[in-house]
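Colleague: What follows is the residue order along each chain.
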Amino acid sequence: MGFNTNKVYKVHFLRQINESVFVIRFDRHGMNFIPGQHILIGLDEKSMREYSVYSAVQDDFLEVLVKAVPDGSVSKRLKMLDKGDMILVESAVGFFRIRHNELDKKYLFIASGTGISPFHSMVKSYPELNYLLLHGIPHIGESYDANEYEPGRLIRCTSKSDKGEFNGRVTQWLEENNVDDDLQVFLCGNSNMILDARDILLKKNFPAENINTEVYF
Amino acid sequence: MKYYLLTLGCQMNLSDRDRVSKVLNDMGFQQTEHESEAQLMGILSCSVRQKAIDKVYSRISKWNKWKNKKNLITFVSGCILADDREKFLRLFDLVFPVSELNQFPDMLKQYGVVSPMVYYNEDLLQPIRSSETLPSELLEWKGMKEMNLHINEFWNIKPDYGSSFEAFVPIQNGCDKFCTFCAVPYTRGREVSRASTEILEEIENLILRDFKSITLLGQNVNSYGLDKKGEELTFPELLEQIGKIGERTGKDFWVYFTSPHPRDMTADVIDVISRYKCLAKQIHLPLQSGDDKVLIRMNRKHSVEKYKSIINKIKDKIPESTIFTDIIVGFTGETDAEFENTRKIMEEIKFNMAYIAMYSPRPGAASSRWADDVSLEEKKKRLHILSEVLRKNSLLYNKSLLKKKMKILVKGVDRKDGFLSAYNEGRIVCRFASDDQSLIGKFVEIEVIAASELSIEGKLC
Chain A
1 MGFNTNKVYK
11 VHFLRQINES
21 VFVIRFDRHG
31 MNFIPGQHIL
41 IGLDEKSMRE
51 YSVYSAVQDD
61 FLEVLVKAVP
71 DGSVSKRLKM
81 LDKGDMILVE
91 SAVGFFRIRH
101 NELDKKYLFI
111 ASGTGISPFH
121 SMVKSYPELN
131 YLLLHGIPHI
141 GESYDANEYE
151 PGRLIRCTSK
161 SDKGEFNGRV
171 TQWLEENNVD
181 DDLQVFLCGN
191 SNMILDARDI
201 LLKKNFPAEN
211 INTEVYF
Chain B
218 MKYYLLTLGC
228 QMNLSDRDRV
238 SKVLNDMGFQ
248 QTEHESEAQL
258 MGILSCSVRQ
268 KAIDKVYSRI
278 SKWNKWKNKK
288 NLITFVSGCI
298 LADDREKFLR
308 LFDLVFPVSE
318 LNQFPDMLKQ
328 YGVVSPMVYY
338 NEDLLQPIRS
348 SETLPSELLE
358 WKGMKEMNLH
368 INEFWNIKPD
378 YGSSFEAFVP
388 IQNGCDKFCT
398 FCAVPYTRGR
408 EVSRASTEIL
418 EEIENLILRD
428 FKSITLLGQN
438 VNSYGLDKKG
448 EELTFPELLE
458 QIGKIGERTG
468 KDFWVYFTSP
478 HPRDMTADVI
488 DVISRYKCLA
498 KQIHLPLQSG
508 DDKVLIRMNR
518 KHSVEKYKSI
528 INKIKDKIPE
538 STIFTDIIVG
548 FTGETDAEFE
558 NTRKIMEEIK
568 FNMAYIAMYS
578 PRPGAASSRW
588 ADDVSLEEKK
598 KRLHILSEVL
608 RKNSLLYNKS
618 LLKKKMKILV
628 KGVDRKDGFL
638 SAYNEGRIVC
648 RFASDDQSLI
658 GKFVEIEVIA
668 ASELSIEGKL
678 C
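Residue numbers (my numbering), protein chains in the order written: chain A, 1 to 217; chain B, 218 to 678.
Where hints are given, some of them may not hold.
What the hints assert, rightly or not - Quick look at which bits of chain A chain B covers, simulated, 3 or more residues with Cβ under 8 Å:
no., stretch
1, 89 to 96
2, 138 to 145
3, 178 to 185
Unchecked claim - Derived SDA-like pairs (lysine to any residue); straight-line CA-CA distance at most 25 Å:
no., chain 1, residue 1, chain 2, residue 2
4, B, K446, A, K67
5, A, K7, B, F395
6, A, K79, A, E150
7, B, K394, A, V57
8, A, K67, A, L103
9, B, K394, A, E102
10, A, K204, B, K394
FYI, nobody ran anything at the bench for these hints, they're computed from the structure.
Don't be surprised by glycine CBs; every beta carbon is placed ideally from N, CA and C.
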């Protein structure tokens, strides 16, 4: 009795970005969210997972960016979704977000892999945002929707090839470049990347209170 | 018919127990402490630790064996993960979220139970609050998740408090923080605040009935009201109203709250506590780790610096306050150096009490999918080290109380013959020589005559 507490949303379609990464678009049902927040989605109550919203606040649909991991019991099932299928969704929460009165500040977004998702939502939601986005990926083929960012604002840091805008890890970029103290830095993705990047920033005497983090795994 | 209720876990479950008891008592059931006497057996479950879940399985296994010999009905409620819920449905006769407690009589009726007395007391529940009748989209906008759709009806049940002088008052349910080690957002849903009018009414009633100790409960008690987006009091405003009740009634009582989150521990909260006599000068502020990297992995959304600045504000504004905390040792990836930072902050802050737990992955929580890579042996070692620091600092503080006179609340008979057990406003455990059980539930004045680790001893003044 009464335990089916999540809302059922209809899938519009899946958009494959590469072999393992895909975007799920589904109903929004007027859900409020702030760019950077996450929602819980799943196929049943036992398998709900947190995903940052990928779409913009202006969109009348919701999107999440998913990587199907080999041992992932949920992501593999999500990859099988088709148009018209139903998923369970719980509304958005989270504190990884830009304060409304700080939209005019300068931002350095640093992501690894699908950790780019909240930044995609922020950039699409706030078209005037002054940002630079570092995306850590092994190969250029693993960049996601790169053409959706203004030219010069996305730096793909490719660690296993030389085809990105920067050849090396995001941490290497941070070591080799100046980071102004007045920037707001947002880090999202793999915890090792986040902690290493934070160490580099602190070594450069970057103010800790300007560093925001969201750990994915 | 008699019922037996096993309550596992935190104060929130103890508070829920008071409401479950009320519903069953109003149906004419009698509570028993002996499970062998009961025909209705229930558990308020806890998913915070695996040990608690293991207890549920162990107990239902025993009860189901008893079913071969006598008629029994079993139920389980409380904090339950979806995975366990599915298994419980096969083991228990009734499984329901505690927010649907008001439907429990109907569930029993459908199960074919004729209650010994009134069966169903229509007066038990207040009218459904207006917001419950709003369309689901609007409820969602108001931050009321479906998991907690019936939580207002649950809160409207007048509890049978398990004590005549201590009460737990839930002010909020659920959690939006998503700490990676915790499963509460998956078992209790998103944060929902109870109406302040109801909270204040319940508290005033308790005060007029001479309750001496009231604890406000919530998974993130100090984010109270934030889900109502400006349409409800904030936590400091709620405390202020409680303080004013204290002044208006002139009654003597202490109000505590647990558990707050450092992220929402504003200067306003500290300020209001300092201004009202009835707001107890004891603050329980979970630290979880003294290392920023571990805090990031835990998704705690506060730094060690932020935590320390809050503690400094508390000590500055309320120097007499005691500070309690929660700490997890051996969290995924916690290195020796990271643990050392926790030890250092334990030394620096000198907590009066710390509830220190060895990390164990909670199924459903994000960190359960990460390697639990600190060995049990190492976790035990770290637990021991922090416990020693706690004992040492607690003893130092308790010695500073020697020869001081203070008011304490007598809680019951102590384990030591001829002594009564009590606590002071700072919740330091205390005992004193007396056989006078009429003092239980009353404030008395003592002079501290001995101090030990984690407790003091006094003599009646």
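Colleague: Each hint needs a verdict: does it hold in this structure or not?
Modeller: Against the structure, the hints come out as follows:
no.	hint	verdict
1	89 to 96	holds (count 5)
2	138 to 145	violated (count 0)
3	178 to 185	violated (count 0)
4	B:K446 - A:K67	34 Å, violated
5	A:K7 - B:F395	19 Å, holds
6	A:K79 - A:E150	29 Å, violated
7	B:K394 - A:V57	22 Å, holds
8	A:K67 - A:L103	30 Å, violated
9	B:K394 - A:E102	22 Å, holds
10	A:K204 - B:K394	30 Å, violated
Hints 2, 3, 4, 6, 8 and 10, counting from the list given before, are not met by this structure.
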